[in-house]
Amino acid sequence: MLFNSLRSKLTFATSLTASIILGVVITYAVIASKKKAIEAAKIEFHEKAERVTLKLKGTIDNSFSVLKTQNTIFKTLNKNGVLTKSTSIDLIKSNLFANKDYVGMCAIFEPNSLCAKDTSLNNLMDKNLFIPYMYYNSEGDIMVNQLVDYNLEGIGDYYLIPKQTKRPLLTEPYSYPINGEDVLMVTLSEPILQNNEFIGITTIDYDIHFIQNFCQDLAQEVNNGNVNITVISNGGIIVANSANALLIGQNINEISAINEKQLFSGITDEKEKIYFQNGFLILNIPILFSNTETPWRVQVAVPRADIFAETSQQAWVLISIGIVLILLAVTLINILVGNLTRPLFKLVESTKRIAGGDITVEVKTKQNDEVGVLAESFNAMVVRLREIIEELQNSIKQVEIKNTELADKEEKFRKLFEEASDAILLLDETGSIFDCNQSASDYFQLKKEKLLGKNAVDLSPEYQIDTVSSKEKALQLLSKVLQNEPQEFEWEHLNGKGESFTVSISLNKISLSGINYLQAIVRDITEKKQKDKELEMHRNHLEKLVSEKTHDLAKAYEELRATNEELNEKNKIIDSQNQELKSTLQNLKETQSQLLHSEKMASLGILTAGVAHEINNPLNYIMGAYVGLLRHYENNSFSDNYEQIGILINALKIGVERSSAIVQGLNQFSRKSDSLNEDCNIHEIINDSLTILQHQIKHHITIEKKFFHSDILIKGNAGNLHQAFFNILRNAIQSITAEGLISIKTDYIKPNVIIEITDTGTGISPNNLEKVTVPFFTTKNPGEGTGLGLSITFNIIKEHNGQLEFKSELGKGTTVKIVLPKNDDNE
Amino acid sequence: MMTMSDKIKILYIDDEEINVQLFQIIFSKNYEVLTGYSGFEGIEILAEHIDTAVVISDLKMPVMNGLEFIKKAKEKYPNKKYYILSGFEITAEIKEALDSGLIHKYFGKPFNLQEIERAINKQ
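Taken in sequence, the protein lines are chains A and B.
Residues in the first sequence are numbered consecutively from 1, following my numbering.
Residues in the second sequence are numbered consecutively from 828, following my numbering.
Don't take each hint at face value.
Distance windows between CB atoms, simulated [what the hints assert, rightly or not]:
hint : chain 1 : residue 1 : chain 2 : residue 2 : range
1    : B       : 942       : A       : 748       : 21 to 31 Å
2    : A       : 677       : B       : 927       : 15 to 25 Å
3    : A       : 704       : B       : 942       : 25 to 35 Å
4    : A       : 741       : B       : 927       : 46 to 56 Å
5    : B       : 927       : A       : 658       : 28 to 38 Å
6    : B       : 927       : A       : 750       : 31 to 41 Å
7    : B       : 927       : A       : 573       : 48 to 58 Å
8    : B       : 942       : A       : 749       : 47 to 57 Å
9    : A       : 710       : B       : 942       : 16 to 26 Å
10   : B       : 942       : A       : 807       : 21 to 31 Å
11   : A       : 770       : B       : 942       : 49 to 59 Å
Once the Cα atoms are required to be at most 30 Å apart in a straight line, the calculated DSS-like pairs of lysine-lysine come out as [what the hints assert, rightly or not]:
hint : chain 1 : residue 1 : chain 2 : residue 2
12   : B       : 922       : A       : 653
13   : A       : 798       : B       : 922
14   : B       : 887       : B       : 908
15   : A       : 698       : A       : 822
16   : B       : 856       : A       : 653
17   : B       : 949       : A       : 653
18   : A       : 715       : B       : 932
19   : A       : 653       : B       : 932
20   : A       : 822       : B       : 856
21   : B       : 922       : B       : 932
Hints were generated in silico from the structure; no laboratory data involved.
Glycine residues also receive a C-beta, built at the ideal position from the N, C-alpha and C atoms.
For reference, chain A alone in the conformation it holds in the complex (with noise of 0.2 Å):
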């Protein structure tokens, strides 16, 4: 609870009332003065309105008087037949010279006018009326002339509708050049009427910027200038803003800023009007002017908040004062009210006291009212309570002497209860255990809480040493004791963990508080027992761990000899590989020769290409000229030796040919590719190998080429083939020492090729026949073979997936016959 003492119930009451009264007469107050302050604030701006209106309508007015003097002086020359162009010129020049804020004056007559009808000044006739317009020009001389569209709707208002409706009019206000300058005019039109006949009007253009000026100084008097002071013209073009000039000339239904919309819109009827608008109060009243019907307004707007700003500050005071004033009452309230409760706390205080245990109190208080018969009431409360608490401490003090001699005696007994070196136990008729001592919790590893209420036939084991069950010996030895006869046995128990142990028991009966219970005093005697019991065992582990021992050593011994075996194979392995390191290093020494000689081939490739380009060049040339040369020689007549200038050009082109061939075939042989995927045409590498040895061959050796019907290609390395070609040819024409016959054969027996090569030579021994694959083995002279050539052949037949045999007879010659897979992919 918020309130829970007296003294702020009371406060908060207090105080809440009093502050609903400040708060309603100060709400009173400030809506009187605000209605005062919107009273006074209507008198001041309705004031300056008047101004602003009396100012535009004077001069409107006085114009307009100029105009109406000025007609009558018309019509009545007209009447009298005196009216010509020149006089009416005159005296409207005359009224443009007296006034010099006036823009300009016009005047049109109607035909049925005398002076239309009069033939001088035809420059300002048009269509049989006279249309005169006089202004000031930029020197500020009267000049005339001819006025334009007067008769067009819009522009021509000012002539149209005074004709139409025979009253005066002012125009909108409308924006128009003078000098080169935009000004804001209006035009006051005055017809002429003779007979309610409409003969002519006469107009002022009048510069109406004056009013903007007298606008702002005006504004500035009022609320220090945060007014807005508008004048309006009938059409609802802002003619006057006090606050922004560039206002002037917009329609007010066609204003985009925001705050200015708001100022203006509302603006319905013509009546004089005072409203609050979107924070502004604003003052509207009509302006009319002589006898138009289209009055003007002004409006004065002033934002709220100026007018309530001393209102305002009156109000704050009276709140403050109001604030200040309730703070007082409550403090007093709250004095009044402590002193009137303070007698009760006093009160409350003694009784926390009493509570205490203190009861000398004594509340003194001199109030004659509730809380002082309240205070005598406690005070003989508290005499009362004095002498019963006396009577109870007499009595606590009895009983205590004699606990503290009962306490004694129990103290001496419970001693000797536990601490007996004996388990003590109490058993009831039943032998449950009803009450034990140290010991007997000791013995049976039990806590006594545990051991209470547990039969004695439950902590033993189900039969005792002799057989007999536990159960039944119990009782039997129970009920002897019952009738009186103490027992003395012993007796196997379980203690707490299972374990037996044998202790001697002495059982009596006795009687406490009239109920029979069983004493048992119990004495352990099954140490000497369990020594013996240890003693066995540990010989028996001893035993035990000796025969562990023994087969541990018998299985290392196995594991010892089996690792031996082990070793031994791996030497047999390592000898094994030594014998493959042997013939690898073997290998390796191989192919390091052979690498050597595909350096060698690799050399010889870089050496030919520069070689044959460098050959092909010149080459081109005598090929060149010998097409030149052939054509002179077909077109013209060689009379003395025409077939011998043949022959000669026709050895040319051989003679180009067969050097190309040559370095393109030196090309084949030289080129490097590990691809098993170029297209070999099995003839033309044996071609060209055979022109490559064509120097060894020359005339001494027979070809005979027995080729396969067409073209046999296959899938491999070009290169590769060339030069295992070359080696097998080379070595036939080698053998060949004198005259002989090499023979090619070449045929296609699906899937493979078989090439054979006889040649007539001097054959090979079968000794030796076996080793001419192996690598450095030559039967020539040292330095003229290196002993690689069949070797080298013999892997690149292997790497073709092809074989290669020989057959040879000394003395006769040898048929190598090479068989290669035909693994194109065309077939």
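Using the hints provided, position chain B relative to the given structure of chain A.
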């Protein structure tokens, strides 16, 4: 009647003067032959003779080799036929140019008149 302008216009580039002269003599019978001694000259000639249909170039030339010249020319005039005429066997460089379509064909030196005329006339 045919006029000079009806003959196929071919450009031949080689840095060796004799080759250029011979080419001019031999191929002028059937074609209008323009010649130059370097790739740079070739580019200039092509700019003057937009209607050149075939370009044949030597491979090994100083500063700008035949393939470099053809690459440059093809960027500007992709619709002409380009050929290499070289004393070299087909090298890896030439093979790549053939595979990528940079050149239409490779001719070996000494030239084969029929082979070249057949290629040109395929236009």
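For this structure, which hints from the list above don't hold up?
Failing hints, ascending: 8, 10, 15, 20.
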